[in-house]
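Full structure from sequences and hints, please.
One line per chain: the protein sequences are A and B, in this order.
Each residue of the first sequence is one higher than the last, beginning at 1 in my numbering.
Each residue of the second sequence is one higher than the last, beginning at 1001 in my numbering.
What the hints contain is simulated information worked out from the structure, not anything from laboratory work.
Owing to the predicted nature of the structure, the values given are computational and were not obtained by experimental measurement.
Note that beta-carbon positions come from the ideal geometry of N, C-alpha and C, so glycine has one too.
Check the hints yourself; a few may be wrong.
[As the list claims (entries may be wrong)] As a list, the in silico DSBU-like pairs of lysine-lysine whose alpha-carbon atoms are at most 30 Å apart:
| hint | chain 1 | residue 1 | chain 2 | residue 2 |
| --- | --- | --- | --- | --- |
| 1 | B | Lys-1006 | A | Lys-516 |
| 2 | B | Lys-1006 | B | Lys-1017 |
| 3 | B | Lys-1128 | A | Lys-380 |
[Said to hold, decoys possible] Stretch-level coverage of chain B by chain A, calculated; a stretch enters the list once three of its residues show a Cβ under 8 Å from a Cβ in chain A:
| hint | region |
| --- | --- |
| 4 | 1086–1096 |
| 5 | 1186–1195 |
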Amino acid sequence: MASIHQFDVVVVGAGGAGLMAGLYASRGAKTAVISKLYPTRSHTGAAQGGISAALGNYEEDKPEWHTYDTVKGSDYLGDQDAIEFMCNEAIDAVLELEHMGLPFDRTPEGRISQRPFGGHTNNVTGKPVRRAAHAADRTGHMILQTLYQQCLKNKVTFYDEYQVLDFLIVNGKAAGVVAVELSTGELHTFHAKAVIFATGGHGRIFEVTSNAYAYTGDGAAILLHRGLPLEDMEFFQFHPTGIYKLGILITEGVRGEGGILINGLGERFMPRYAPTVKDLASRDVISRAIYTEIREGRGVNGRNYVYLDVRPESVIKYAALDGRTNPDGTPYTITGEQVLAKLPDIIDFCRVYLGVDPITQMMPIQPTAHYTMGGIPTNKFGEVVSDSKNTVFPGLYAAGECACVSVHGANRLGTNSLLDLVVFGKHAGIKAAEYAKQVDFEKLPLDAEAGARSQFEAFRNGSGKENAFDISTEMKKVMFDEVGIYRTGAIMESAIDKVHELKERFKHVRVTDTGKIFNTELLNAWELGNMLDVAELVAVCALNRTESRGGHTREDYPERDDVNWLKHTLAWKQDGKVKIDYKPVVITKYQPKARVY
Amino acid sequence: MQVTLKVFRYNPEVDGKFRYETYTLEAEETDRILDLLEHVKGYHDGTLSFRRSCAHGVCGSDAMRINGRNMLACKALVRDVGDKITVEPLLGLKVTKDLIVDMEPFFDNYKKILPFFINDSPLPADGKERLQSPEQRARFDDSTKCILCAACTTSCPSFWASDDYFGPAALVTAHRFIFDSRDQAASERMHIVAETSGLARCHTAYNCTLACPREIPITKAIGELKMATLTGKLD
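Right, dumping it as structure tokens:
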């Protein structure tokens, strides 16, 4: 007997965006939050350095500067109405988190402490501004905990460890989702008026990544399978400082506190690439600089990594050279104890995984696949739009990393992801609840579970001559090596061929676990299918965009091309092929100009 | 190097009782135990089940017993645990399958201590943040690091004896709010943790502190709660 649950609003995913959506939707509608993990395991918890808002707690700052920095950071591909909206909401969003109890670090006056972050500047001087509100180097952890706690306080209904497999569309409107309960293997239909996807990104398609195992692009893939487009999938952020080989994130906050990048010659190289803000340039700029250093033979010991140096003596030396000062005008200094207090998790990661103590040694780092700029197209209210005319899909919402509003455009600024998920999670929740009040439930299809069931059955019937882990490993390698930081047409064509080959081989995968209880083999195979579909889109869209912009760097098209490419990509999967269309970028106040840091 | 990985196996759909399976693997000293488990799942036995997500010690999914001690599989390296490795599920929670335990009693205990910020007084007139000095903030800093992995609670003999003991993780969360100068429900929480299911069951075995992958001084935090219930003071 099928299990059917009925809610006005169903939220898929329980990271920051999903929890915020759940919190707000539940105030006006009967709401359930469904997550494949326990909510506190979500990847928001891995965010480290801060959440940006022009609070101005240390120095002058304003939302207009935050807006401009974000537009510039996006390499002018971000929609300026949405960016302005987000940056204006930022101050209230951060204060709301504080009012919910979030334990931000404090200024001597007892206000929320802020640190500099890449690309965030005083628009008059061009110098870095302290805009990132932080709780040590676990800001995301504190946001996740605080929002989960507030959801408990407000008695939000959770379905923990349920994997959503399918999205139900009836009469062109959202009608619910189908999920598998991991502990029993039973399918459940969630009949809903409105569905909010907040399922995170897909960084696990790359070999070296800071992303959790859970980051397999499920939400994006589910909607793609149901005929919806994805936006700007060619834009993926490679964070400059991942732990060498492992990809574990080392927050930009390290550089915010004065850390610098050093090449194999012992030379600080960022001033050559970004003369004004140097080591606090935006992430795409720094990741390219690191790769350029490595390719020109200035990696450490001829290998593909460089150093991040936060030893107090180095920080003090370069701060003096840069003329960096404290808020009171005195020269900037730092001690080993202060580094430990401000960045305890980073110190811990380096000690555990590298056997390196950052107080006395430099950290070996390399760029790591970090953030999905593209995703499910939405407007600034979190409503999913389904074509180049921004036609709203009734009852469907998306927020957080899985969504593409687009506020990040071609390159996201650090700290704007946490802001994004709080602001747009909230608005998606509000909008979904409003919508649910106005409409009736669509009638469920006769066999709502059919789509979900058939997806699983395929894995039981494969020939078994292919191994899912091999396919996964090969996909991650080809995507990282050939559709990574530097891209060229011919190489990407071969990468696409490879992905197609892997997709063919994937049909031969057979799941050996025939059980129902926590069949993680089945779940992982299903996730791999999502990753292959998303990877194909990333590669095809990257090949299609014949320019360089933000995180998308084409060696065969090294210039930004505003005449032909100042537009968003929309990509559908139709009859086994990728179909591409475009929609215009919203430009309000800031005309595109050359991007210099 | 070669390692032997002995893994606790139990699938209630097939097995009458648990068993151990031993795998011989090639490994690097810097491999995480989680990497070894992934390898086994990929190439030796796809049915092996365990939880994992972030793979770097911040999400709390993969707490398990490794050579008898509670650790996160993603934070324990081969060089830390040696080449003979035994991996078992957490103690004190029912095994659902292989290394996966039923977390519900753990989260139920967490929910009992009002694990959310409570302050119903009006917001500051300027609409800005509630002020808190750096010293006040530091008072509960360690307790904010908890990732609810359950390594502490499932290392506690009192919890093994009875899962209606809230356990160290819930008490750490109580500490996080009770010592937050902005929170107003300290007395209510103090009343809860002073119940028979609370502080009285802590016999300072210290296992929790040793097990915590976030290096939270848990026994100290519980001691501070005990002191506060005795003195009625929070400083």
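Right, here's what the structure says about each hint:
| no. | hint | in the structure |
| --- | --- | --- |
| 1 | Lys-1006(B) <-> Lys-516(A) | holds, 24 Å |
| 2 | Lys-1006(B) <-> Lys-1017(B) | holds, 16 Å |
| 3 | Lys-1128(B) <-> Lys-380(A) | holds, 25 Å |
| 4 | 1086–1096 | violated (count 1) |
| 5 | 1186–1195 | violated (count 0) |
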